[in-house]
Amino acid sequence: MKARIHVFYKDSVFDPQGNTVGESLKKMGFHKVKNVRIGRVIDLEVDYSTKEEAKKDVIRMCEKLLANPVIESFRPEILD
Amino acid sequence: MKVGVITFPGSNCDSDVVDCLQRVGGFEVGRLWHKESPDLSSFKLIVLPGGFSYGDYLRCGAMASCSPIMDKVKAFASQGGLVLGICNGFQILCESGLLPGALARNLNLNFICTDVSVQIEASDNPWTLKTEKHQLLSLPIAHGEGRYIIDDQGYEELLKNSQILMTYRNNPNGSTHNIAGICNRNKNVFGLMPHPERASDLRSRDGLKIWDSLKTYLGIQS
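Listed in order, the protein sequences are those of chains F and E. For the first sequence, the tail end lands on 80 under my numbering, and the numbers increase by one without skipping. For the second sequence, the tail end lands on 302 under my numbering, and the numbers increase by one without skipping.
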C-alpha cells in the first residue's frame with residue numbers, strides 16, 4: 001500500500017517561491033494564472049491491513065514530523 | 081560553571097560557539113553529540129549552534145528535533161535550565177516545540193549573509209540583562225530560512241509576556257513584526273537568528289552583551 005502526502009505552506013503564509021514562479025508564468029504570457037503555490041510530495045510505502053488504519057497513522061506522522069502545523073497544511077491520500 | 085554545546089550532523093557553528101564561550105566568555109565548555117543521552121544536570125546552559133543539521137532535510141531543524149539528545153534538552157528546559165538556540169539552533173527549538181512559531185523561507189528567497197541592526201525589546205531576562213530596552217546591536221546573520229512566523233494570537237502572547245527580545249531595524253527576511261529573537265514564557269529558552277558568537281571578538285563586540293548578560297545572571301565574575 002502506498003501513501004502520498006502533499007505539504008504546502010498554509011494559505012496565510014506567503015509562499016515566495018510560488019509567487020516568483022507565478023510572476024514568471026505571467027511574463028511568459030500565461031495571464032490566466034492567478035496564483036501559484038509550491039509544496040512537496042512525500043510518498044510512503046506502508047503495510048496496513050486497511051486504508052482507514054493507514055490514514056489514521058499517516059495523519060499522525062504528518063502532525064508529528066512530516067509537516068509543521070504552525071506554517072504548513074497537509075493532504076494525505078492512501079493509494080492502492 | 082559548565083556550558084554544553086550540542087553538535088548535530090551538519091552543525092557548522094559548533095566550534096565557533098565553543099571557542100567564543102571558552103576564550104572570550106571564560107566559560108567551561110563541554111561538547112555533546114546529538115546521539116548521546118547524557119545527564120545534563122551538571123550544565124548551566126545548553127547551546128544549539130547554527131549550521132545545517134541533517135542537511136536541512138524535510139524542514140530546517142525538523143530532523144534534529146527528533147535526535148535522542150532533544151528529550152534530555154526538553155527535560156532540562158522544563159526544569160528551568162537555560163537553553164540557547166542560534167540560527168539553525170533557533171529553528172530546532174521551534175521545531176521541537178520549546179519555542180512558539182516557526183521559521184520559513186526568506187521573503188526574497190536569498191540566503192542572506194550580512195550584518196544587521198537589531199533592537200533590544202526587553203532586558204528583564206537572563207539573555208539581555210546587560211542591555212537596555214531599545215538599545216541597538218550590530219550582529220551578523222547568515223540564513224536562507226529565517227522568516228519568523230507566528231499567528232496573531234501567538235504574537236499577542238509574546239507581547240504580553242515580554243518574550244520578544246530582539247527585532248530587526250530593517251527587516252531582512254520578512255519576519256512577522258520584525259522578530260529576530262524570542263524566548264519562552266519562563267524566559268529560560270532563547271532562540272535568535274543572528275549570531276552573537278560571530279560578534280564577540282575582532283570585528284564587532286556587540287555579541288558580548290549576550291554572554292555578559294548570562295554571566296551576570298549565573299553569578300560569574302566578568
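Treat the hints as calculated values from the structure; they're not laboratory data. Wrong hints could be hidden among the right ones.
Per label pair, the in silico range of CB-to-CB distance [what the hints assert, rightly or not]: (1) F:R75 - E:G177: 33 to 41 Å; (2) E:S284 - F:S24: 23 to 31 Å; (3) F:G29 - E:L209: 25 to 33 Å; (4) F:H31 - E:N190: 24 to 32 Å; (5) F:R4 - E:D231: 40 to 48 Å; (6) E:E108 - F:D80: 35 to 43 Å.
Below 27 Å or equal to it, Euclidean Cα-Cα: the simulated DSS-like pairs (lysine-lysine) are [said to hold, decoys possible]: (7) F:K2 - F:K34; (8) E:K124 - E:K267; (9) F:K64 - E:K115; (10) E:K210 - E:K82; (11) E:K267 - F:K64; (12) E:K82 - F:K10; (13) E:K124 - E:K154; (14) F:K64 - E:K210.
Ideal Cβ positions, reconstructed from N, Cα and C, are used throughout, including at glycine.
Query raised in the report: Going straight from one Cα to the other, do K210 of chain E and K82 of chain E come out at no more than 27 Å?
Result: Holds, at roughly 21 Å.
Query raised in the report: Falls inside 25 to 33 Å, the C-beta gap from G29 of chain F to L209 of chain E?
Result: violated (58 Å)
Query raised in the report: If you draw a straight line from the CA of K124 of chain E to the CA of K267 of chain E, is it 27 Å or shorter?
Result: holds (14 Å)
Query raised in the report: Is K267 of chain E within 27 Å of K64 of chain F, Cα to Cα?
Result: holds (25 Å)
Query raised in the report: CA of K82 of chain E to CA of K10 of chain F, is that 27 Å or under?
Result: violated (41 Å)
Requested in this report: Go ahead and decide if the range 35 to 43 Å is satisfied by the Cβ distance of E108 of chain E to D80 of chain F.
Outcome: violated (59 Å)
Query raised in the report: Is the Cα-Cα distance between K2 of chain F and K34 of chain F 27 Å or less?
Result: Distance of about 32 Å is beyond 27 Å: violated.
Report task. Would you mind confirming whether the straight-line C-alpha gap from K64 of chain F to K115 of chain E stays at or under 27 Å? Result -> holds (20 Å)
Report task. Decide if the proposed pair is consistent with the structure: K124 of chain E and K154 of chain E, CA atoms, cutoff 27 Å inclusive. Result -> holds (14 Å)
Query raised in the report: Can the suggested window of 33 to 41 Å be confirmed for the beta-carbon pair R75 of chain F and G177 of chain E?
Result: Once the Cβ atoms are compared, 23 Å apart, the range 33 to 41 Å for G177 of chain E and R75 of chain F is violated.
Query raised in the report: Should the hint that S284 of chain E and S24 of chain F are 23 to 31 Å apart at their CB atoms be regarded as holding?
Result: Check failed, 39 Å falls outside 23 to 31 Å.
Query raised in the report: At the C-beta level, are R4 of chain F and D231 of chain E separated by a distance inside 40 to 48 Å?
Result: Since R4 of chain F and D231 of chain E have Cβ atoms about 28 Å apart, the given range 40 to 48 Å is violated.
Violated hints for the displayed structure, listed by number in ascending order: 1, 2, 3, 5, 6, 7, 12 and 14.
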